[in-house]
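Protein chains in written order, with my numbering: chain D, 1 to 672; chain R, 1 to 158.
To be clear, the hints were calculated from the coordinates, so they are not data collected in a lab. Quick caveat: nothing in here was measured; it's all calculated off a predicted structure. Be aware that a few hints might be false.
To be verified - Residues of chain R clear of chain D, computed beta-carbon distances all greater than 10 Å: (1) Asp25; (2) Leu33; (3) Tyr57; (4) Asp73; (5) Ser74; (6) Asp75; (7) Leu77; (8) Gln84.
Stated by the list, open to error - Partial selection, computed: residues in chain R whose CB lies under 7 Å from chain D: (9) Gln45; (10) Pro88; (11) Thr89; (12) Ile92; (13) Pro94; (14) Phe99; (15) Ala103; (16) Met106; (17) Pro107; (18) Leu111; (19) Val122; (20) Arg126.
Note that CB positions come from ideal geometry on N, CA and C, so glycine has one too.
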Amino acid sequence: MSQIGSFALLLALVLSAYSFLAGLVALTRKGAGAERLGETARRAGIATFAMVFLAALVLVIAAFQDDFSIAYIFHHSNRDLPGAYKFATLWSGQEGSLLFWSLLLATYGLVLRLRYKTDSRLFAHASVIIAAVQVFFLLLLNFAAHPFAVMQGTLPQDGNGLNPLLQYPEMVIHPPMLYLGYVGFTVPFAFALAALIMRYPGEKWIQITRRWSMVTWGFLTCGVFLGAHWAYSVLGWGGYWGWDPVENASLMPWLTGTAFLHSVMMQEKRGMLKTWNMWLIFATFLLSIFGTFLTRSGVVSSVHAFAQSSIGDWFVGFLAVTFAVCLFFYVKNRSHLRSEHKLESLISRESSFLFNNLLLLVACFTVLWGTLFPVLSEWVQGNKVTVGPPFFNRVNVPVALLLLLLTAVGPLLAWRKTSIESLRRNFLWPALGAIAVGAVLIVVGIRPWKDITYLYSLMTIMLSALVGFTVISEFVRGGRVIKGHTGQSLFASMVQLAHRNTRRYGGYIVHFGVIVIMIGFAGAAFNQDKEQEMGYGDKMSLGAYTLVCRSYTQEDKPNYSSEWAIIDVFKGGKQIETLYPERRFYKASQQMATMVANRSTFKEDLYLVYEGLNQDTGRPILKVHLNPLVMWIWVGVWIMIAGTVVALIPNAVAVRVTAPARIQAAPVGAGD
Amino acid sequence: MRNFVQKTAKLTFLIAALFAFVASDQDARFQTLGHKVMCICGCNQVLLECNHVGCTYSDRMRGELASYVDRGDSDDLTLQAFVQKYGPTVLIAPTTTGFNRVAWVMPYLVLVLGLTTVVLIVRTWRTRPQVIAAGGGGRAGDAELEHYREQARKDTEV
Numbered sequence: 001m002s003q004i005g006s007f008a009l010l011l012a013l014v015l016s017a018y019s020f021l022a023g024l025v026a027l028t029r030k031g032a033g034a035e036r037l038g039e040t041a042r043r044a045g046i047a048t049f050a051m052v053f054l055a056a057l058v059l060v061i062a063a064f065q066d067d068f069s070i071a072y073i074f075h076h077s078n079r080d081l082p083g084a085y086k087f088a089t090l091w092s093g094q095e096g097s098l099l100f101w102s103l104l105l106a107t108y109g110l111v112l113r114l115r116y117k118t119d120s121r122l123f124a125h126a127s128v129i130i131a132a133v134q135v136f137f138l139l140l141l142n143f144a145a146h147p148f149a150v151m152q153g154t155l156p157q158d159g160n161g162l163n164p165l166l167q168y169p170e171m172v173i174h175p176p177m178l179y180l181g182y183v184g185f186t187v188p189f190a191f192a193l194a195a196l197i198m199r200y201p202g203e204k205w206i207q208i209t210r211r212w213s214m215v216t217w218g219f220l221t222c223g224v225f226l227g228a229h230w231a232y233s234v235l236g237w238g239g240y241w242g243w244d245p246v247e248n249a250s251l252m253p254w255l256t257g258t259a260f261l262h263s264v265m266m267q268e269k270r271g272m273l274k275t276w277n278m279w280l281i282f283a284t285f286l287l288s289i290f291g292t293f294l295t296r297s298g299v300v301s302s303v304h305a306f307a308q309s310s311i312g313d314w315f316v317g318f319l320a321v322t323f324a325v326c327l328f329f330y331v332k333n334r335s336h337l338r339s340e341h342k343l344e345s346l347i348s349r350e351s352s353f354l355f356n357n358l359l360l361l362v363a364c365f366t367v368l369w370g371t372l373f374p375v376l377s378e379w380v381q382g383n384k385v386t387v388g389p390p391f392f393n394r395v396n397v398p399v400a401l402l403l404l405l406l407t408a409v410g411p412l413l414a415w416r417k418t419s420i421e422s423l424r425r426n427f428l429w430p431a432l433g434a435i436a437v438g439a440v441l442i443v444v445g446i447r448p449w450k451d452i453t454y455l456y457s458l459m460t461i462m463l464s465a466l467v468g469f470t471v472i473s474e475f476v477r478g479g480r481v482i483k484g485h486t487g488q489s490l491f492a493s494m495v496q497l498a499h500r501n502t503r504r505y506g507g508y509i510v511h512f513g514v515i516v517i518m519i520g521f522a523g524a525a526f527n528q529d530k531e532q533e534m535g536y537g538d539k540m541s542l543g544a545y546t547l548v549c550r551s552y553t554q555e556d557k558p559n560y561s562s563e564w565a566i567i568d569v570f571k572g573g574k575q576i577e578t579l580y581p582e583r584r585f586y587k588a589s590q591q592m593a594t595m596v597a598n599r600s601t602f603k604e605d606l607y608l609v610y611e612g613l614n615q616d617t618g619r620p621i622l623k624v625h626l627n628p629l630v631m632w633i634w635v636g637v638w639i640m641i642a643g644t645v646v647a648l649i650p651n652a653v654a655v656r657v658t659a660p661a662r663i664q665a666a667p668v669g670a671g672d
Numbered sequence: 001m002r003n004f005v006q007k008t009a010k011l012t013f014l015i016a017a018l019f020a021f022v023a024s025d026q027d028a029r030f031q032t033l034g035h036k037v038m039c040i041c042g043c044n045q046v047l048l049e050c051n052h053v054g055c056t057y058s059d060r061m062r063g064e065l066a067s068y069v070d071r072g073d074s075d076d077l078t079l080q081a082f083v084q085k086y087g088p089t090v091l092i093a094p095t096t097t098g099f100n101r102v103a104w105v106m107p108y109l110v111l112v113l114g115l116t117t118v119v120l121i122v123r124t125w126r127t128r129p130q131v132i133a134a135g136g137g138g139r140a141g142d143a144e145l146e147h148y149r150e151q152a153r154k155d156t157e158v
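The whole structure should be built from the sequences, with the hints applied where relevant.
Here it is in structure tokens:
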């Protein structure tokens, strides 16, 4: 089995190297011979997919067959592991996840190469760039992190098993989503670099990659929040985001990718920010690779990083070469990236995009800075320092609040120039609504003057309300116009409105999802928790809830043994639910893991962790968290996904866009 | 006699209130300081959020924190004692002294520099000259340009 996998990987490397080199040669020559060579390169790229797919399939089959002669299967699986987790073995370790990365890249490459007729020359360039990235990952798989390395000596009877923290349903979908996002940004990156190399005229490359970028961003969004949900449900510390380096690694490309999705509109509509957009997508791709480097190099400590290994050097080399190539072609062809329009007013959609991009990049820089500061500190001072949640929260919350404000104001601004009168007219009612929300919150008991976190929380909810009201007013205003013309209901009119310009209104729905998430985050200021020994019949009160310990019980399963508490939950003297917080002991890995019991409502989560027995008293300990508004976060994510899907639907009626006036000769220094 | 009872009752109440205040203050300090220190068992969690039952580090560290707070040590002294014993990585965030100050200053500096740059860019763009190519290349007149602007405004409104 391992020989088939190894051979497939080696053949994939040869094919991708051919696809890269032959494609490169074909692009530098002209004539029928070059075309034929280019076609062979394209087909080699397609065949690369077949070989990588075969290698991944072999690894999965080996996991299901408990083939412990393969070291990777021995280290990440065991006989009694449930089937879904055996499948997840593919991305549970260093080597397998790199193979999975390579498989996704090959799949994206396959789709791109099959659609080459859209613009054969541009696609040929992009195909060569993707082949180069593929060569890097296949080199890693063949020579540095081989997933089919065989066990030496006597074959073990059983494997070490999967890390208990990873034995959770979301682990079957979280990494694929995240990787689809990470890897997916290779495609817009490849098109951007191809367009720069070719001095490709116009904004067609952006139109071609628009769907790629949005789908990729959607996957990354799902991946990031699935990770947060996994942390909340499995780690048992009551939170969903700990600013761990690996979490940060996923957030950074998301932030630059979000900035790109916004600023790219300026290039499409106004022919501006060409250089900026080019570098944004370069940065997003580089940050995706950098995140992978952080996770695998051991340069920063993390609870869920892969084992430390030497492959970090490979990533540093790849990052350096990629950056050098981007810089070279930028310097060579930068004259091609001049803006076609000037900015007419500070109060305009264009400048709101500029500020939006600035804030997203400052947030990205802050995350990067905080993640790497321990390394910098060790280098400068000789000792590491910890940069934990208080740092990230303190510096990022003000930036997030400013971003929320821009999210509210930006859509109300017209392209080119907005009059103060127009802004006042559109902004007055949403602003009054937001102030009313703030007043209500103060009346019901939020005291922003008592603690900075309460102030931030109040401001977050008020600004979220502001965004919500502006989004609703945009829908209602447009819907009324259509209603006036067609006579149909307001709701039907708003649906038609969204269908006419899916990108714009899908974007608004995404914004709405963002504010729902932000409201969920704001709830964290009011978290409560309590820890107590709970014997039979013991009671504990937290908030409006009273918990009564009914019993404890145990169970033995093939993969793990578990013990759990049976806790009756009372509210207002009435039993409302029974919860079962659990602790598991995984036999193969000899490790413990918690399974949180959570009663989630829109108002709050009652989150129970059974922490085991007190070693001194022998009595069980229960930790209870009361986390307000957490469900809003997960609902917000669904709304964001729905908005992304709406934005991907083609418009019902083509939206007419006037062609931007062309500049004959831009003056010196007229770049973005 | 009645006066004495009243005074005794008031005094008892005051003492009880004082004890309650001191106890709640100590509890609050324990909570605050416990969220400024990491558990060093490798879990990368805040000391009071480390949920590993039987974690020898967090239990011991919580005990030490409680004793510092009971003894009435100041916040600085308590944190310094942890740094002395476990090294600087025990603090959850960089201090605001020496090189560590850079960690805090840099994000705000970048934000301010970025804002300044964007404002300057916008101002430069607003004032820079531009040549518009209309069809074959003639310069568009003001009226024509205004017409295009108006058209674009209409097109971008739904």
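Right, here's what the structure says about each hint:
With a minimum CB-CB distance of about 16 Å to chain D, Asp25 (chain R) clears the 10 Å threshold, and the non-interface call stands. Every CB of chain D lies more than 10 Å from the CB of Leu33 (chain R), the least distance being 13 Å, so the non-interface label holds. In this structure Tyr57 (chain R) is separated from chain D by more than 10 Å, as the shortest Cβ-Cβ distance comes to about 14 Å. Look at Asp73 (chain R): its CB is around 21 Å from the nearest CB on chain D, clear of 10 Å, so calling it non-interface holds up.
Chain D leaves Ser74 (chain R) outside its interface by the beta-carbon criterion, the shortest separation being 19 Å against a cut-off of 10 Å. Annotated as non-interface, Asp75 (chain R) keeps its C-beta farther than 10 Å from every C-beta of chain D; the closest such distance is 14 Å. Residue-level check passed: Leu77 (chain R) sits 20 Å from the nearest beta carbon of chain D, beyond 10 Å. Against chain D, the non-interface label of Gln84 (chain R) holds: every CB pair exceeds 10 Å, the least being about 13 Å.
A distance limit of 7 Å between C-beta atoms decides the matter here; for Gln45 (chain R) the minimum to chain D is near 6 Å, and the interface restraint holds. Taken as an interface hint, Pro88 (chain R) checks out: its beta carbon lies about 5 Å from the nearest beta carbon of chain D, inside 7 Å. The interface hint given for Thr89 (chain R) holds, since its Cβ lies 5 Å from the closest Cβ of chain D, which is under the 7 Å cut-off. Hint on Ile92 (chain R) holds. Least Cβ distance to chain D is approximately 4 Å, under the 7 Å limit.
Residue-level restraint check for Pro94 (chain R) holds (minimum Cβ-Cβ distance to chain D is 5 Å; threshold 7 Å). At its closest, the beta carbon of Phe99 (chain R) sits 5 Å from a beta carbon of chain D; the interface hint therefore holds under the 7 Å criterion. Given the 7 Å rule on beta carbons, the hint for Ala103 (chain R) holds: about 5 Å separates it from the nearest Cβ of chain D. Below 7 Å, beta-carbon pairs count as interface contacts, and Met106 (chain R) has one with chain D at about 6 Å; its hint therefore holds.
For Pro107 (chain R), the interface hint holds, the least distance from its beta-carbon to any beta-carbon of chain D being 4 Å, beneath 7 Å. The interface hint given for Leu111 (chain R) holds, since its Cβ lies 5 Å from the closest Cβ of chain D, which is under the 7 Å cut-off. The beta carbon of Val122 (chain R) is positioned within 7 Å of a beta carbon in chain D (closest approach about 5 Å), and the interface hint is therefore held. Given hint, Arg126 (chain R) at the interface with chain D, holds; its Cβ is 6 Å from that chain's nearest Cβ, closer than 7 Å.
The structure is consistent with each of the numbered hints, conforming to all of them.
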